[in-house]
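*Asks:* Residue strings, one per chain:
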Amino acid sequence: NAGVMQNPRHLVRRRGQEARLRCSPMKGHSHVYWYRQLPEEGLKFMVYLQKENIIDESGMPKERFSAEFPKEGPSILRIQQVVRGDSAAYFCASSVQGAAGNEQFFGPGTRLTVL
Amino acid sequence: AQSVAQPEDQVNVAEGNPLTVKCTYSVSGNPYLFWYVQYPNRGLQFLLKYITGDNLVKGSYGFEAEFNKSQTSFHLKKPSALVSDSALYFCAVRPHGSSNTGKLIFGQGTTLQVKP
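Chains as they are written, first to last, in our numbering: chain H, 1 to 115; chain B, 116 to 231.
Among the clues, some could well be false.
[As the list claims (entries may be wrong)] Which chain H residues face chain B? A few, computed with CB under 10 Å, are given here:
#: 1; residue: Q6
#: 2; residue: H31
#: 3; residue: G59
#: 4; residue: P61
#: 5; residue: N102
[To be verified] Within a straight-line C-alpha distance of at most 25 Å, the following computed DSS-like cross-link-like pairs (lysine-lysine) qualify:
#: 6; chain 1: B; residue 1: K137; chain 2: H; residue 2: K44
#: 7; chain 1: B; residue 1: K192; chain 2: B; residue 2: K137
#: 8; chain 1: B; residue 1: K230; chain 2: B; residue 2: K184
#: 9; chain 1: B; residue 1: K173; chain 2: B; residue 2: K137
#: 10; chain 1: B; residue 1: K192; chain 2: B; residue 2: K164
#: 11; chain 1: H; residue 1: K71; chain 2: H; residue 2: K51
#: 12; chain 1: B; residue 1: K173; chain 2: B; residue 2: K184
#: 13; chain 1: H; residue 1: K27; chain 2: B; residue 2: K230
#: 14; chain 1: H; residue 1: K44; chain 2: B; residue 2: K230
FYI, nobody ran anything at the bench for these hints, they're computed from the structure. Glycine residues also receive a C-beta, built at the ideal position from the N, C-alpha and C atoms.
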């Protein structure tokens, strides 16, 4: 059973470009979470999605960031007009259910570098 | 505000000695508590969780953690450390209640160095 898949593993963008990060949850998981890890910091929650629905986006910056989890295909975290401060590791996690004590399984992350 | 604190940036221990990585939390209601480990350039790996029941929780790779409600702590422990345990450890809490949407609140992480 493959784990959570993220691609690309490394992404380099110039300021003003768009970044698209993909996440395929574990088989049988329909809940996806995105977290951001800035250098020397812990992970910060960004958004929680179920298939075709955004459940909680309280951690998403108000501008330039969006996320989706379509009926078919991976979850996408999209960052428009990237700035240097967006450089970070972005982790996706999935779980069987969103509530209760179900642990989240993390992908290897996408390391975004903005030049 | 809900938060998790890991008061030590780094913990150093000799191989074979017991280790403790500290974690305290501040949330409303009864929390669900988790420990994850991160190796360099890798994602987080789940170690253990506390939901309810016994305060001492056993997890992967010989790790265990003790939930202490009165002290709002969930310290990670291992009786005998290995060099391969050297990594970054994160404590996380998931507030339990109607407003919870499943997100985890992480501490800032503690680097564990086990020396031969």
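*Asks:* Which of the stated hints cannot be reconciled with the structure, identified by number in ascending sequence?
*Replies:* Numbers 4, 8, 13, 14 - these are the hints that the structure violates, sorted from lowest upward.
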